[in-house]
Every structure is written in structure tokens, then in C-alpha cells.
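J.: Add 769 to a position in the sequence shown, counting from 1, and you land on the number used in this note's numbering.
It cannot be assumed that every hint is accurate.
What the hints assert, rightly or not - DMTMM-like mimics (lysine to aspartate or glutamate), calculated; alpha carbons at most 20 Å apart, straight line:
id	residue 1	residue 2
1	K847	E890
2	K1008	D1033
3	K795	E778
4	K818	D877
5	K918	D941
6	K1295	E1147
7	K796	E1147
8	K795	D941
9	K1104	E1065
10	K795	D933
11	K847	E1147
12	K1104	E1300
13	K901	E890
Honestly, the hints are just simulated from the structure, not real lab data.
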Amino acid sequence: MRVLLLHPEFPITFWSFKSVLDLVGKKALNPPLGLITVAALLPQEWEFKLVDCAIRQPTEAEWAFADIVMLTGMIVQKSSMMALIDAAHRHGRVIAVGGPYATSVPQDFGAADYLVLDEGEITIAPFVDHLKTHGVQRSTGEPVRFTAKGEKPALTETPVPRFDLLDMHKYDAMALQYSRGCPFLCEFCDIITLYGRRPRTKTNEQVMAELQRLEDLGWRGGVFLVDDNFIGNKPNVKKLLPDLLTWQQEHDFPFWFDTEASIDLAADTDLLGMMHACNFGSVFIGIETPDEASLELTRKHQNNRVPMLDSLDVITRSGLRVMCGMIIGFDNEEKGAGQRIVEFAEAANIPTVLLSMLQVLPNTGLWTRLEKEGRLLEGIGTINQTDMTNFIPTRPVEEIAAEYVQAYQTLYDPAVYLDRTYRHFRKLGLNPPFAHPPKVAPTRKARRSPAMLWQEGLGALRMARAAVVVIWRQGVVRKTRGAFWRNLFAIRRENPTRLSTYVAICAHAEHFIDYTQEILTQMKSKIAAAEATRADGVASPVAVTGAGKGAPPRLATQRKLASAKVDA
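Go ahead and model the full structure; you've got the sequences and the hints to work with.
T.: Shown next as C-alpha cells:
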């Protein structure tokens, strides 16, 4: 069996970082970990080709190679996924679709021949058996479905992903998954509906085997632990980290790590210390909103247990650079939420703030509640940061959107961003001992192929070029050049172990400036459409009683406004 594995493109998003990736000669932040895990779960005597459409499109030869095409993706990749399904059929190929989008909204994929839903450790085996028994066939009606029927697999038998299928040097960092699931109950989040509230982990041996495979393939540098909450199963994490530290020490610290975690990470200083020692450099934390009432309403109770600014201060001073996610548009949110988000980010000194308008994900607690209240709009959109809300909010959507745009413009004003980054790095604890890979010992270097060494040398040249470009733009051309040089020399004097990372985060401004303009451009027409519709006197926001706990809303909103928001 010959399989063409396709990973769809992402639209322009907060995480695109195209301006920065172009500087360092990369095409994407991370590889399609789900797809190469699928490849490892399929029979290994099959032949595989993988195309990541973030890097390039499939060639005619690759379409001709395939007995079957396999595609996976998220809702934000919807447009590319649908285009690839059409392309597969134009080329006369059978296509199987899986992943979180297809699992959440299988009805969107009537054009597929097979739907392999839920977690592949359960559903891929019966799919393979079906192919062996019936052959590869085009569907004549509904796709053939394979589901887990609510079962969640242990991850202890998950094989090492097929990293060898990747064009590794095209990515900024590799990816690895340790756990699935999260113990919390956030109303808007689909992680617990997809993966459950009982975090399941791989064994320590599995993690080391994956790291070993990456090292054997020549990778040195960043590894993103993609877990939605790395510390969801703290007892297992605390067993993992000592073994991870030993492995890193024995292998000359070839990797540094980034991940996501809940804010209660701050309560465990031992865990913070172990992560720092293992070479974790940054952590993404879901703050969502500084409004305590909104956090309670959306059941993000863990963020209200301890003052968030105190928790973020502890994490930062431990040596972990903090990134955070914020959301605007929660029910019963008061006017001025955008400014409150900006003020919180400034007080916390967090450079990287992912701000989104609230989007309702399928099958979440929020989806269920709003469906009962009659507030969901038709379709789910693409769940991108340039989309309006896909539900009827409790205050005018154009007001929310205007605050959203203004918050982006303030957060990523070059002077504001530069100052916030400087303050963050002044507070940041010392760098881990091996924040960048040390020179490889001769005995290990001898095992490296000429191609690997060439890529490393080319990477070093690109990094040098990127540094020159950033210094030219921010230290010469831009009006903030004075602050750039003052801050740079201050960091060199006060925390020299962080200097190179500081320059890298300053470089991210190049992306954020471009992305803020993208937000402004795309939202401008949508805000105007919503304002024009409301000016016609046909709609008003929803009033929700009962603090959003299932009480019937007093619907004073008509569907014309909803259509204006969706179609704009």
C-alpha cells in the first residue's frame, strides 16, 4: 500500500510568524506531529510520502504515487482541507480523513471516502483491517466511519512518530507529545471533549526513545512539547523530569523545550526547578481574562485561586519565559475588556500575548449552553483570530471587535512591545545552563553526516543574517532605536545569559507588527457591516440572566445581524 500523507495549510494566524521564519530560512514553526504518529501506527511495510502544505503543495508524481491519500487537521485549516479533498478526487484518489476537526464535525466531510475519527491508537487498526478485507474503494454514499465509541487509549503503546518522513530543517522546532487530556473544566475548551479529563501519559522510556530518534536523525535545538497541559498529570511529570535531565546530561543537552501548562504550575517550585534544569525555556499559559467574574462564569476556577500576577511573577523569576492567551467576548463582560487585557499584560510584563475573540468550539460546554439558549450562528467558521464571534454575544459584537483591534494595536505598538519585553527579561531568572546546544564533542560529531553538518552551518549563517536585519530595522531605521540600544546593553549587563534569547524575542516584533495590520485590515469591514446593520435598527445584543447558567436569555437579537457578521 502506498500512502500520501497530507498536512493542510494554516491561514495567516498569530502563530504564523512568517516574517520571522523568513529571516531564519524556515517554512513552519512545527511539523505535523499527528500525521507522523498516524504513519507510525499504520503497517510499516507500507510506503509513505508526506507533504506538509505549509512548505509546498503535492506534485503530480506524488498524486500518482498514492493508492490512498490520508489527511488530518484542525478547524482553522478548514479551507485547505476541503481544497485537498477536492484535489484528491480530481486526481482519482481515495481519501481518508481524521484528526480533531473531522472528529468534532464529521458532517463536514461527506466528500471523504473514509473517516477515521477519535484517537488513532484505537481506530486505525480496524481501518487497516477494513482495507485489507475490502480493498481501497471510493465511497458511493456516506464515508465509511471508524470511531472509538467513547474509549480513550492508553498512550503506553504509542510508537515513535515517523520523524524520518519530515524535511526537518524546514522547521523551527520539532514536536513531541507526552500526554493527552486535562483535569480542568473550562467551558470554552474542547480538549476535555476530545481527550477527556484524565490526563494519560507516555512512559519515560517512550519519551527518551523519541528524543533519541530525533538526535539520531541529526536534530539539535528546540522541541515543543505539544501537550495542552504538560502538568495535567503532575505525579507522572515529576517522575519523567529526573530521567529527562539524565538523558540531556548524557547527550550534551542537544535540546531545549517549550510547552503549555496551567497557571497552578506556580504553586510547585520543585517542579519549576526541575523544568529549568531540564532546559525548558518557555511556557504558554491560558490567562483568558483578568475579569474574575468571567473566569468563574467560564469555569476557569484555577485562575482565581491565587492572584494571577503573583503566579506569573513566580514562574518568570524561576527562569521560564511566559507567553499567554487572552480572550475577549465572554458573557456579561463589561465594556473596556480590551483595555483591561492590555493593562494586565503590561502589569505582568508578558511580551507574547495571543488575543482572540471568543469562538465557540463544537461539543464544548459553551457550545451546549449557547445551543440551548438559541445563540449559535449558522456554521462554525474557521475559528481564527481574524473571525468575528460565531455566536450572539451579550454586548454589541462591533464594540467587542473594536476593543479587540485596539488592544492589538496597543499591545504590539513597537515602543510598547519593546518596553514590555525588556521588563520581562529584567525579571526573568537566569538562563538554563544549556539554553543553546554546546559544541558537539568529537566522538559524537564523528557520527554526524556531512548533510547534517552542512545544515547546521547554513543555519548559523541564517541566524547571523537575521540578527543583522533585526539590528538594522530596530536599532537604526525604527524610531524606537534609542530604546532598543539602551535595553540591549542593559540586558547584556544585568542578565547576559539571556542576551541572545532577548534579541530573538525582539525580532518577533517584525511578525506582530505585520499581524496587527492583518487584524486591522480584516476586521475593519466586518465591524463596519455590524455597525451598519445595527444602525438599521434591526438588532440588539442578548441579555443573559442567571449568570449564564442555562437560564433562558431575553433574545432581542434578530438573525439579520448574525448574517452580517458571518458574511462580512
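J.: Given the proposed pairing of K918 with D941, does the C-alpha separation stay at or below 20 Å?
T.: 37 Å, violated
J.: Has the given pair, K1295 with E1147, been kept, meaning a C-alpha gap of at most 20 Å?
T.: 17 Å, holds
J.: So if I understand the rule, the pair passes when the alpha-carbon distance is 20 Å or less; does K1104 with E1300 pass?
T.: 17 Å, holds
J.: Quickly compare the C-alpha distance for K1008 and D1033 to 20 Å and report which way the hint goes.
T.: 18 Å, holds
J.: Take the C-alpha atoms of K795 and D933, compute the straight-line distance between them, and say whether it is at most 20 Å.
T.: It holds: about 18 Å lies between the C-alpha atoms, which stays within 20 Å.
J.: With the threshold set at 20 Å, check whether the alpha-carbon distance from K1104 to E1065 stays at or below it.
T.: 18 Å, holds
J.: What's the verdict on K795 and D941, does the C-alpha distance respect the 20 Å limit or exceed it?
T.: Holds. K795 to D941 sits at ~6 Å (cutoff 20 Å).
J.: Check whether the Cα positions of K847 and E890 lie no farther apart than 20 Å.
T.: Answer violated: K847 to E890 is near 24 Å, above 20 Å.
J.: Please verify whether K795 and E778 have alpha carbons no more than 20 Å apart.
T.: The given pair, whose Cα atoms are some 15 Å apart, holds under the 20 Å limit.
J.: Starting from K796, check that the Cα of E1147 is at most 20 Å away, please.
T.: Answer violated: K796 to E1147 is near 34 Å, above 20 Å.
J.: K901 and E890 were given as a pair; does the straight-line alpha-carbon distance stay at or below 20 Å?
T.: 18 Å, holds
J.: Can you confirm whether the C-alpha distance between K818 and D877 stays at or below 20 Å?
T.: 26 Å, violated
In summary, the structure is inconsistent with hints 1, 4, 5 and 7 from the numbered list given earlier, while agreeing with the others.
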